[in-house]
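Participant: The listed protein sequences derive, respectively, from chains A and B. Under numbering that gives the first Met the number 0, think of the first position of the first sequence as 0, with each following residue one higher. Under numbering that gives the first Met the number 0, think of the first position of the second sequence as 0, with each following residue one higher.
Keep in mind the hints are simulated off the structure, nothing from the lab. One should not assume that every hint holds.
Stated by the list, open to error - Derived Cβ-Cβ restraints for the label pairs, each shown as a range: (1) A/D299 x B/T11: 51 to 61 Å; (2) A/K282 x B/Q8: 53 to 63 Å; (3) B/G102 x A/K34: 56 to 66 Å.
Claimed, not checked - The calculated DSS-like cross-link candidates involving lysine-lysine, where the alpha carbons are at most 30 Å apart (straight line), are: (4) A/K161 x B/K20; (5) B/K20 x A/K144; (6) B/K99 x A/K362; (7) A/K189 x B/K74; (8) B/K100 x A/K362; (9) A/K412 x A/K375; (10) B/K100 x A/K282; (11) A/K15 x A/K196; (12) A/K362 x B/K106; (13) B/K155 x B/K70; (14) B/K20 x A/K79; (15) B/K106 x B/K154; (16) A/K189 x A/K141; (17) B/K20 x A/K189; (18) B/K106 x A/K189; (19) B/K156 x A/K189; (20) A/K254 x B/K145; (21) A/K189 x A/K162; (22) A/K412 x A/K282; (23) A/K281 x B/K74; (24) B/K70 x A/K362; (25) A/K154 x A/K144; (26) B/K20 x B/K99; (27) A/K282 x B/K154; (28) A/K196 x B/K20; (29) A/K141 x B/K20; (30) B/K106 x A/K75; (31) A/K154 x B/K20; (32) A/K162 x B/K20; (33) A/K141 x B/K156; (34) B/K70 x A/K281; (35) A/K189 x A/K52; (36) A/K141 x B/K74; (37) A/K254 x B/K74.
Heads up, the beta-carbon is just placed ideally off N, CA and C, and yes, glycines get one too.
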Amino acid sequence: MADLVSHPDEIKVVSKRFGQGAADIDRYLALDGYKAAQKALPMTPDAIINEVKTSGLRGRGGAGFPTGMKWSFVPKDSPKQKYILCNGDESEPGTCKDRLILEHDPHSVIEGVMIAGLAVNAESGYIYIRGEYRYLSIIMQKAIKDAYARGFLGKNIFGSGKKFDVYWHGGAGAYEVGEESALMESLEGKRGIPRIKPPFPAVVGLWGSPTVINNVETLASAPHIILDGAQKFADYGTPKNGGVRLFCLSGHVNKPGVYELPLGYSLKKMIYEVGGGIPGGKKIKAVVPGGSSTPVLTADEIDIAMDFDGVAKAGSMLGSGGVVVIDESTCMVRFAQYIMKFYQHESCGWCIPCREGTDWLKKTLDRFHAGGGVKKDINNIQYLAENMMGRTFCPLGDAAAMPTISIVTKFRKEFEDHLEGRPCPYDPVGSVRLLPVLSH
Amino acid sequence: MTFSPEFEQRFTEMLTHYPSKRSVLVPTLLYAQDEVGYLSDEAITEIAQRLQLTELDVRNVISYYSMLTTKPRGKYNVQVCTNIACILRGADDLWEHCQKKFGLRHKQTTPDGQFSIEEVECIGACSWAPAMQVNYDFHENLTKDKFDTILDGYKKKA
Numbered sequence: 000m001a002d003l004v005s006h007p008d009e010i011k012v013v014s015k016r017f018g019q020g021a022a023d024i025d026r027y028l029a030l031d032g033y034k035a036a037q038k039a040l041p042m043t044p045d046a047i048i049n050e051v052k053t054s055g056l057r058g059r060g061g062a063g064f065p066t067g068m069k070w071s072f073v074p075k076d077s078p079k080q081k082y083i084l085c086n087g088d089e090s091e092p093g094t095c096k097d098r099l100i101l102e103h104d105p106h107s108v109i110e111g112v113m114i115a116g117l118a119v120n121a122e123s124g125y126i127y128i129r130g131e132y133r134y135l136s137i138i139m140q141k142a143i144k145d146a147y148a149r150g151f152l153g154k155n156i157f158g159s160g161k162k163f164d165v166y167w168h169g170g171a172g173a174y175e176v177g178e179e180s181a182l183m184e185s186l187e188g189k190r191g192i193p194r195i196k197p198p199f200p201a202v203v204g205l206w207g208s209p210t211v212i213n214n215v216e217t218l219a220s221a222p223h224i225i226l227d228g229a230q231k232f233a234d235y236g237t238p239k240n241g242g243v244r245l246f247c248l249s250g251h252v253n254k255p256g257v258y259e260l261p262l263g264y265s266l267k268k269m270i271y272e273v274g275g276g277i278p279g280g281k282k283i284k285a286v287v288p289g290g291s292s293t294p295v296l297t298a299d300e301i302d303i304a305m306d307f308d309g310v311a312k313a314g315s316m317l318g319s320g321g322v323v324v325i326d327e328s329t330c331m332v333r334f335a336q337y338i339m340k341f342y343q344h345e346s347c348g349w350c351i352p353c354r355e356g357t358d359w360l361k362k363t364l365d366r367f368h369a370g371g372g373v374k375k376d377i378n379n380i381q382y383l384a385e386n387m388m389g390r391t392f393c394p395l396g397d398a399a400a401m402p403t404i405s406i407v408t409k410f411r412k413e414f415e416d417h418l419e420g421r422p423c424p425y426d427p428v429g430s431v432r433l434l435p436v437l438s439h
Numbered sequence: 000m001t002f003s004p005e006f007e008q009r010f011t012e013m014l015t016h017y018p019s020k021r022s023v024l025v026p027t028l029l030y031a032q033d034e035v036g037y038l039s040d041e042a043i044t045e046i047a048q049r050l051q052l053t054e055l056d057v058r059n060v061i062s063y064y065s066m067l068t069t070k071p072r073g074k075y076n077v078q079v080c081t082n083i084a085c086i087l088r089g090a091d092d093l094w095e096h097c098q099k100k101f102g103l104r105h106k107q108t109t110p111d112g113q114f115s116i117e118e119v120e121c122i123g124a125c126s127w128a129p130a131m132q133v134n135y136d137f138h139e140n141l142t143k144d145k146f147d148t149i150l151d152g153y154k155k156k157a
């Protein structure tokens, strides 16, 4: 469906089977499929976890937590059933990579779930796919069925006497469900409202049992680590930031697409060389480095290494790998408005700072952009956003606040240009259209 | 109330996947909606009974998920993404064009019941923006002309 792209700087690990028909099980097997799971079968759980730790693999969903460590948190002596949960509720704006993995290489996700299962002595895993990705759910259902038919899943996997089941599950539209505990609520058939932590999912997760929850890309990396060696994977990246990852380039670039690049790759190079630069030769105004929830970087801040630590040093986050490029002709107030429209829509309403904060911020930004702003609104936007930070059950409050704070502080002048009844200098007609109360 | 044999087969199989019956609720609601067109009172009653839940429980879940609806909508639901990556590549003009073309606003349906339009949040097509989904089908790298051609295709089918 979605077009594939490539660039000579890419190191294709997770994406190496893209476009090769690997959704078909025979094709997958011909391309070294299910060899990693068979290699992991005789390994001890500790040995698997140590391999993943050595690889330096960190969560590809957004938070970047070390995967091996996450797996090691599952209590070994727990008499309860344990679960692996694959988070395919990809909905962070700017992110469209899990979709490609699920479409082109669904068996690698199943294999990753199996390896995680072997690492923590779990006997079942669930692959949660967002409701909008119906075609991927169909692809996954077939992949699971084929794996059962070959005896790779079920009561006696690869004739080892071990049992492992994998099931698919579908969502029905909710960004919030991408949060780990909300995803568990959703899988249990409830509203996707986050749970209070601790206890963390590794101890109390699905149906009260220890659960490992990882992003699709994280789990799809595991087979490559086991099969090709942890050190090889680690060496692709930078220290403590092992491997490669799928970067989703979007916005104002000539060649948008999903590229698999080593961690630590230069952001500037990613935009100008891999992404082919900015259409019309325009200048960059800002870049969202890791999905809409990460603080934006200005044009002066993009000479950085794209790994978890490099982006953190620049005051932002590597997040989910969604790199959104914004050119000089874009109004940052409007950009902030669209980000807030999203979070206001997606806030589950459970915590007051998030529910009220996103709503007030959206209303303020709508009014502001259309020229109805007053000077104290600027500080107020920052104040409201700052007061959401860290005061909610889940990170959605932070996700809405962080980009807003970065925009209002780094682009304050643009907010000032909207003051005194002046509608957006970039789009005076359109901005009024966006204000429902005044225009309709 | 009866569903299709495929629905029943999937429902029965899914019940074996989880330690709790309730876990099948969200995907089941979406599949039921696909068959009926929306979550009718009858469908809600049926699903609640099957899963030994109260109707209130079921409605409580429905109201949370943006894809689930208790109101009938068009046979083809045109969902235009207006999130950041799409907006930067002209999604607001596209959404305006869509509204004008149908003479509808957000979540309204044509009188013949064939088309509904909806402004939706990120659908995971950021690198192929601007994008839309018509029911479950993705259409990407859109322009107004491409949008018209695609919609004309659906009109012929309608």
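Participant: None of the hints should be skipped; say for each whether it holds.
Facilitator: Going through the hints against the structure:
| no. | hint | result |
| --- | --- | --- |
| 1 | A/D299 x B/T11: 51 to 61 Å | holds (60 Å) |
| 2 | A/K282 x B/Q8: 53 to 63 Å | holds (57 Å) |
| 3 | B/G102 x A/K34: 56 to 66 Å | holds (57 Å) |
| 4 | A/K161 x B/K20 | holds (26 Å) |
| 5 | B/K20 x A/K144 | holds (22 Å) |
| 6 | B/K99 x A/K362 | holds (25 Å) |
| 7 | A/K189 x B/K74 | holds (28 Å) |
| 8 | B/K100 x A/K362 | holds (28 Å) |
| 9 | A/K412 x A/K375 | holds (14 Å) |
| 10 | B/K100 x A/K282 | violated (34 Å) |
| 11 | A/K15 x A/K196 | violated (37 Å) |
| 12 | A/K362 x B/K106 | holds (21 Å) |
| 13 | B/K155 x B/K70 | holds (25 Å) |
| 14 | B/K20 x A/K79 | holds (19 Å) |
| 15 | B/K106 x B/K154 | holds (18 Å) |
| 16 | A/K189 x A/K141 | holds (26 Å) |
| 17 | B/K20 x A/K189 | holds (12 Å) |
| 18 | B/K106 x A/K189 | holds (25 Å) |
| 19 | B/K156 x A/K189 | violated (36 Å) |
| 20 | A/K254 x B/K145 | holds (20 Å) |
| 21 | A/K189 x A/K162 | holds (29 Å) |
| 22 | A/K412 x A/K282 | holds (18 Å) |
| 23 | A/K281 x B/K74 | violated (42 Å) |
| 24 | B/K70 x A/K362 | holds (27 Å) |
| 25 | A/K154 x A/K144 | holds (14 Å) |
| 26 | B/K20 x B/K99 | violated (45 Å) |
| 27 | A/K282 x B/K154 | violated (41 Å) |
| 28 | A/K196 x B/K20 | holds (26 Å) |
| 29 | A/K141 x B/K20 | holds (23 Å) |
| 30 | B/K106 x A/K75 | violated (50 Å) |
| 31 | A/K154 x B/K20 | holds (22 Å) |
| 32 | A/K162 x B/K20 | holds (22 Å) |
| 33 | A/K141 x B/K156 | holds (28 Å) |
| 34 | B/K70 x A/K281 | violated (46 Å) |
| 35 | A/K189 x A/K52 | violated (34 Å) |
| 36 | A/K141 x B/K74 | holds (27 Å) |
| 37 | A/K254 x B/K74 | violated (35 Å) |
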